[in-house]
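As you go down the protein sequences, you meet chains R and G in turn. To convert, note that position 120 of the first sequence is 120 in my numbering; the numbers rise steadily by one, no gaps. To convert, note that position 162 of the second sequence is 162 in my numbering; the numbers rise steadily by one, no gaps.
Just so you know, not all the hints are guaranteed correct.
Simulated restraints on C-beta separations [what the hints assert, rightly or not]:
id, chain 1, residue 1, chain 2, residue 2, range
1, G, 8, R, 325, 50 to 58 angstroms
2, R, 150, G, 204, 34 to 42 angstroms
3, G, 218, R, 331, 22 to 30 angstroms
4, G, 50, R, 42, 52 to 60 angstroms
5, G, 106, R, 5, 31 to 39 angstroms
6, G, 226, R, 5, 54 to 62 angstroms
7, G, 138, R, 182, 36 to 44 angstroms
For lysine-lysine, the following PhoX-like pairs were computed, each having C-alpha atoms within a straight-line distance of at most 25 angstroms [unchecked claim]:
id, chain 1, residue 1, chain 2, residue 2
8, R, 239, G, 107
9, G, 57, R, 237
10, G, 217, G, 184
11, G, 75, R, 242
12, R, 237, G, 227
13, G, 3, R, 2
14, G, 75, R, 4
15, G, 75, R, 216
16, G, 52, R, 2
17, G, 107, R, 242
18, G, 184, R, 239
19, G, 184, G, 75
20, R, 239, G, 130
Derived from the structure by calculation, the hints contain no laboratory data. Remember, predicted model here, so these are calculated numbers, not experimental data. Positions of the beta carbon are idealized from the N, C-alpha and C atoms, including for glycine.
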Amino acid sequence: MKTKTLYLILALIAFLVGIGSALFGAVSISLEEMSTALQKWIFQSSERSLNEQIFIDIRLPRAILGLIVGGSLAVGGVLMQGLFLNPIVEPGLVGTSSGAAFGAALYFTLGASIDFHAGEFTLPIAASIGGAIATFLVYFLAESPTRKTSIVTLLLVGIAINALFFSGVGFLSYIARDPQARSITFWNLGTLSGANWLSVAICSLVSLSCIVLGLKNAKQLNTLMLGESEAGNLGIKVKTLKIRMLTINVILISVCTAFTGVIAFVGLIVPHFLRIISGSDSRRLIIGSFMMGAILLGLADILARLLLAPAELPIGIVTTMVGVPVFIYLLRRHNNYF
Amino acid sequence: MIKTENISYSINNKLLLDQISLEFQPNEISMILGPNGAGKSTLIKLLSNQIKADEGKIMNNGNELQNISQKELAKTQAVLSQNIHMVFPMKVEEVVMMGRYPHFSSKAEKNDREIGHEAMKLFQVEEMAKRNYLTLSGGEKQRVHFARVAAQIWPDGMQQPKILLLDEPLTYLDIFHQFDFMDKLKAMMQEQPMTIIGVLHDLNLAYKYSDQVIFLKSGKVFSQGKKEDVFTTSSLKEVFNLNAKFILNEGVRHLLF
């Protein structure tokens with residue numbers, strides 16, 4: 001398939017999923033209401049019906065946040081799989097998500113008593129610090145000075161560090177007061193229900209910058225596929241490339257996690273399917289995965305709201321239910337990755 | 001030209017290379033020969049800047065290798081190794097185009113694509129350009145890497161010599177492609193000044209294609225010079241502990257062992 005055709009199809013589906021995601025929910029909103037709400041919003045008209053308000057203030061930011069976060073998680077997967085040369089790696093496995101969750105939970109519970117303010121960016125920064133600590137811990141503990149990082153070591157270290165940081169989150173929700181504790185628990189499983197225009201703005205900004213940086217490094221990431229020494233012979237400084245990739249991944253994933261909680265497996269599934277469709281060129285993978293991840297999380301969010309309607313499931317449960325079979329399939333089929 | 005001045009390298013207190021001083025001229029093929037553990041691969045790694053020498057220095061076209069950035073080096077120097085293991089699917093043409101990466105910033109220029117195409121033609125992989133690299137046979141894969149490396153140091157009309165390091169790249173090839181590859185390298189040298197330094201296991205092949213021969217033994221240079229002078233049965237005896245003799249066939253010397 002031509003790359004441009006692929007992008008076009010994915011973008012179209014992502015757009016439709018976004019509209020679908022804005023339509024479905026406890027209150028049904030018609031397409032006409034959507035369009036009048038949008039018009040009023042653009043022309044700054046103050047009179048809005050309740051449905052129009054729900055659409056503009058709740059549904060639309062949620063749909064957009066779903067697309068952006070889904071895309072970002074998938075791009076994080078591309079970067080980590082490219083770095084570790086293994087298709088079963090994703091940001092959740094290397095500790096980024098659990099670390100970010102811990103950082104954010106720490107801010108939720110103790111934020112008031114720590115004298116650290118960066119306005120609306122305080123929460124994403126707290127999450128990024130947590131994500132960075134966990135990710136670099138996994139990376140350096142799993143690294144061997146003499147040979148390529150073994151995937152078994154990486155996964156085992158990942159399990160240990162994830163356990164550590166999740167228990168940290170557990171501890172914080174245990175000592176937190178009740179409403180906080182409940183929101184930490186819910187958000188531990190991932191949810192888009194907290195979406196608002198502020199989170200959309202911050203996530204879009206961070207996600208866009210990280211993806212641009214990722215694309216700038218796409219060529220270098222490709223050379224890693226030949227192995228580290230070959231990448232070196234093609235003029236790449238492998239060590240700094242790896243640190244750059246990890247850092248981009250940490251910021252991208254942590255900021256999303258700060259607003260939506262831990263959403264697992266999107267970063268695993270999406271690059272895998274895209275590789276089957278269009279090969280492994282990192283540039284194509286990054287752009288394509290962003291759109292396909294958006295589609296996947298958009299659909300998952302619709303499911304999360306429909307399965308137990310009018311109640312809603314944490315979206316992380318939905319993605320995990322889809323992701324685990326794919327993960328096991330990859331493990332069983334590609335034994336040679338170990 | 002490449003020059004090593006008294007380079008030594010050791011790992012865990014074991015001296016792998018001891019005071020190596022060598023010169024490699026443009027438009028010459030230099031073959032480094034020696035038994036396992038003689039330090040051949042270590043020398044190639046040092047020359048390709050993958051590891052740093054403990055002592056001594058390496059001069060690369062007049063500049064000290066340490067002072068050349070990896071990125072600049074990749075524009076004039078390529079390394080062809082054996083057994084490159086890829087796990088992700090990639091089209092053959094995409095793998096070959098990686099050889100042009102040092103030459104363009106984000107998107108391949110027309111010139112780069114043309115060179116990629118020429119390189120694929122040269123090593124007869126252009127009919128598999130769209131195929132998935134992972135589905136190729138071992139020999140085909142290696143030819144794809146030949147094309148990639150050739151694309152990296154493709155003749156560009158510049159005076160500065162290109163450098164090609166060969167780290168036993170012919171191991172998985174059939175006999176025809178082994179000769180074919182060396183012939184093509186010689187042809188490339190006609191168009192562009194090139195310094196070729198290689199490690200090959202096949203002594204007859206090394207003898208046939210080399211200009212300069214270096215025998216390494218236990219991390220030291222045993223002998224070096226023009227192949228006619230150095231490649232003798234007595235040095236083979238001393239370096240490889242091999243009783244060999246030469247026979248003359250149609251004016252060409254062949255080794256028998």
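So, going through the hints one by one against the coordinates:
The beta-carbon spacing between residue 8 (chain G) and residue 325 (chain R), approximately 56 angstroms, falls within the hinted interval of 50 to 58 angstroms. Evaluation of the 34 to 42 angstroms hint for residue 150 (chain R) and residue 204 (chain G) yields a pass: the beta carbon distance comes to about 39 angstroms. At about 46 angstroms, the beta-carbon gap between residue 218 (chain G) and residue 331 (chain R) misses the expected band of 22 to 30 angstroms. Distance hint check for residue 50 (chain G) and residue 42 (chain R): the Cβ-Cβ separation is about 58 angstroms, which falls inside the suggested range of 52 to 60 angstroms.
A hinted range of 31 to 39 angstroms is violated for the C-beta pair residue 106 (chain G) and residue 5 (chain R), which are about 22 angstroms apart. Between residue 226 (chain G) and residue 5 (chain R) the beta carbon distance is about 59 angstroms. The supplied range of 54 to 62 angstroms therefore holds. Between residue 138 (chain G) and residue 182 (chain R) the C-beta distance comes to about 59 angstroms, which lies outside the given range of 36 to 44 angstroms. The hinted pair formed by residue 239 (chain R) and residue 107 (chain G) meets the criterion: a straight-line CA distance of about 24 angstroms does not exceed 25 angstroms.
A distance of roughly 21 angstroms separates the Cα atoms of residue 57 (chain G) and residue 237 (chain R); the hinted pair therefore holds under the 25 angstroms criterion. Restraint check for residue 217 (chain G) and residue 184 (chain G): not satisfied, since their Cα atoms lie roughly 30 angstroms apart, outside the 25 angstroms limit. Restraint check for residue 75 (chain G) and residue 242 (chain R): the C-alpha separation of about 22 angstroms stays at or below 25 angstroms, so the hint holds. Our distance criterion of 25 angstroms between C-alpha atoms is broken by residue 237 (chain R) and residue 227 (chain G), whose separation comes to about 37 angstroms.
For the hint pairing residue 3 (chain G) with residue 2 (chain R), the CA-to-CA distance comes to about 48 angstroms; that exceeds 25 angstroms, so the pair is violated. The suggested pairing of residue 75 (chain G) with residue 4 (chain R) is violated, with an alpha-carbon distance near 31 angstroms, which exceeds 25 angstroms. Restraint check for residue 75 (chain G) and residue 216 (chain R): satisfied, since their Cα atoms lie roughly 19 angstroms apart, inside the 25 angstroms limit. At roughly 44 angstroms between alpha-carbon atoms, residue 52 (chain G) and residue 2 (chain R) are farther apart than 25 angstroms, so this suggested pair is violated.
In summary, the hint linking residue 107 (chain G) to residue 242 (chain R) is supported, as the alpha carbons are separated by about 22 angstroms, within the 25 angstroms threshold. A threshold of 25 angstroms between alpha carbons decides the hint, and for residue 184 (chain G) with residue 239 (chain R) the separation of about 35 angstroms lies outside it, so the pair is violated. As the CA atoms of residue 184 (chain G) and residue 75 (chain G) are separated by approximately 20 angstroms, the hinted pair is consistent with the 25 angstroms bound. Our distance criterion of 25 angstroms between C-alpha atoms is broken by residue 239 (chain R) and residue 130 (chain G), whose separation comes to about 31 angstroms.
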